[in-house]
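J.: The residues making up each chain are set out below.
Number of protein chains: 2
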Amino acid sequence: MTPDIRKQIRALGCNLTPDMMKGTQRIFAASYGGCAADTVISRDHQYGSDERHRLDIFHKADTRDAPVLVYVHGGGFVMGDKRSDDWPFYDNVGDFAARHGMVGVTVTYRLAPAHRWPSGPEDMASIVTWLHENIAEFGGDPARIFLMGQSAGAVHVASYLAHSCFHGTGGAGIAGALLLSCIYDIANADANAFHQAYFGEDEAAYPACSSAQGLIESSVPWMASLAEFDVPDFQKQAGHFVSRHVEQTGRYPPIHYLSGHNHLSPALEIGSPGATLEPVILDFIASQTV
Amino acid sequence: MTPDIRKQIRALGCNLTPDMMKGTQRIFAASYGGCAADTVISRDHQYGSDERHRLDIFHKADTRDAPVLVYVHGGGFVMGDKRSDDWPFYDNVGDFAARHGMVGVTVTYRLAPAHRWPSGPEDMASIVTWLHENIAEFGGDPARIFLMGQSAGAVHVASYLAHSCFHGTGGAGIAGALLLSCIYDIANADANAFHQAYFGEDEAAYPACSSAQGLIESSVPWMASLAEFDVPDFQKQAGHFVSRHVEQTGRYPPIHYLSGHNHLSPALEIGSPGATLEPVILDFIASQTV
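Each protein sequence line maps, in turn, to chains A and B.
Note that UniProt numbering gives residue 74 to position 74 of the first sequence, counting from 1, and the numbers run on in steps of one.
Note that UniProt numbering gives residue 57 to position 57 of the second sequence, counting from 1, and the numbers run on in steps of one.
What the hints contain is simulated information worked out from the structure, not anything from laboratory work.
As the structure is a prediction and not an experimental result, all values here were calculated from the model.
Among the hints, erroneous ones may be present.
It does not matter which identical chain is meant; a pair holds if it fits inside one copy or across any two.
Derived SDA-like pairs: lysine to any residue, alpha-carbon spacing no greater than 20 Å straight-line [claimed, not checked]: (1) K7 - P221; (2) K7 - Q288; (3) K7 - V220; (4) K7 - T39; (5) K60 - E122; (6) K236 - Q213; (7) K22 - A37; (8) K236 - G33; (9) K7 - S164; (10) K7 - A286.
Go ahead and model the full structure; you've got the sequences and the hints to work with.
T.: As structure tokens, this is what we get:
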């Protein structure tokens, strides 16, 4: 991160105001270098029956048997898309995967309040099933699918990983998960309209939706990240999860601290020079094959 | 970290056995590229009256007004040195600083049981005083001194930062601290012979030696790191400190998770290709000038 961008991000603060969100997008749209000319992009594959059950695929023509990196966008359970007409996001993530010899996949999923819990892990399951059946055709290895989600997207990925009732007979069907700014335990999160829209108004149902215990017990490898200027409740969530993880396992969990970043910037920075998250993602995926 | 080195480190385990320590040193001695030919090394400046009050300085001939990175070795309070006849450590850290336009300093300090608490923070204070008076002559900026300690060295740096009674009239006199695998709260650490040698046998005195509260309240910026295969008690210490920090401040502390590393490897890897800690250190130092 350049000193100038660091200064701009710091000035935007921690809270998800419209100015902060637009400001962060503007910074990284300006520094983004664009998709590589030889990345093949195949759009809007339908992975389920809903209009939002669509995914885009990014790969090089000669890619074979490669790891598959799936990006699940954020947006407070009620908004967001794999793609925008105004910004290069999240084509930037798909192209990043392709440039590093992987197959990139960006997905759109159903939204609250029309689709409440457990629509998130249900859609993750549909994506995994679709990829198992189809991704080899695009050069992907179905045995090395990695789900990476941000914010609400991280909650959906964590929910899928943590609740085996959403898995097929062969297990979760993924090689790893990457959780960028996750809510680990919804029952202990600050109440807000986004959570109510997706998890419902009955907080007594929240503990059953928590991912914390399932993540701690998961046999599927995962990593997470937390940003220096992350939204305060996300900072608290990560802190409490670290404590719970250490108490139960004696081990510190794989949560990466992203200096200088805010809630949105780590994913938006992907594809910009020196992006913090790029080596972290590549290292995690490489480490699963050692 | 290459897949081969990752595999070797993982196989060495988390505990500080002689095989683990020698094995880790061997790995990074083999991958180390050596000091740059144009790094000027000036050895054994005496910063106090004890035989171990010595420091080495690394810089380029034309360096002026540069940040100063001081490395404080580990060794369980009872052993260790800034330099070894058998290994390139920790000349590797001093040379890393010089190669990046900084002034590198590696230090030796007094050891337990001959020198108990608070010999560590006392020696840190003597180092800071000596650097303020002398480092400009070697191209260093006395206003930008960064103390980086590992293990017992991290405890000494944290103790100095956390206990203002060791500071001069102008404050701590440093621009930042870097704590690699620190014990934050000695009163809640596992009892062991190293702690007893340095902090004494009376555990009732331990809470007053803790750095946790002082770090949380410190106005001097700091960062820390914790390794995936760190010694179990260091993992627990970091976990409990994260929890305490979040509870008191609402903010997640700047603790970097170092995937694939053990207790010793992050510092030993400095100067080897792709060293994990190098960008983390450079980013932290750069961020203090934004």
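J.: Take the hints in turn and mark each one as holding or not.
T.: Status of the hints after comparison with the structure:
1. In this assembly of identical chains, the alpha carbons of K7 and P221 lie at most 20 Å apart only when taken from different copies (16 Å versus 34 Å within one copy).
2. Taking the shortest alpha-carbon separations for K7 and Q288, only the inter-copy value of 11 Å comes in at or below 20 Å, while the best intra-copy value is 35 Å.
3. For the identical chains of this complex, K7 and V220 are inter-copy neighbours only, at 19 Å across copies versus 37 Å inside a copy, given an alpha-carbon limit of 20 Å.
4. Taking the shortest alpha-carbon separations for K7 and T39, neither the intra-copy value of 33 Å nor the inter-copy value of 33 Å comes in at or below 20 Å.
5. Taking the closest pair of Cα atoms, K60 and E122 never come within 20 Å of each other, the shortest separation being 30 Å inside a single copy and 59 Å across copies.
6. Proximity of K236 to Q213 under the C-alpha cut-off of 20 Å is found in both arrangements, the shortest distances being 17 Å within a copy and 18 Å between copies.
7. Neither within a single protomer nor between protomers do K22 and A37 lie at most 20 Å apart by alpha-carbon distance, with minima of 27 Å and 48 Å respectively.
8. For the identical chains of this complex, K236 and G33 are neighbours neither inside a copy (34 Å) nor across copies (42 Å), given an alpha-carbon limit of 20 Å.
9. With identical chains, the CA atoms of K7 and S164 are never at most 20 Å apart, being 43 Å at best within one copy and 30 Å at best between copies.
10. In this homomeric assembly, K7 and A286 come within 20 Å of each other (Cα to Cα) only across copies, at 12 Å, whereas the closest approach inside a single copy is 32 Å.
When each numbered hint is compared with the structure, violations occur for hints 4, 5, 7, 8, 9.
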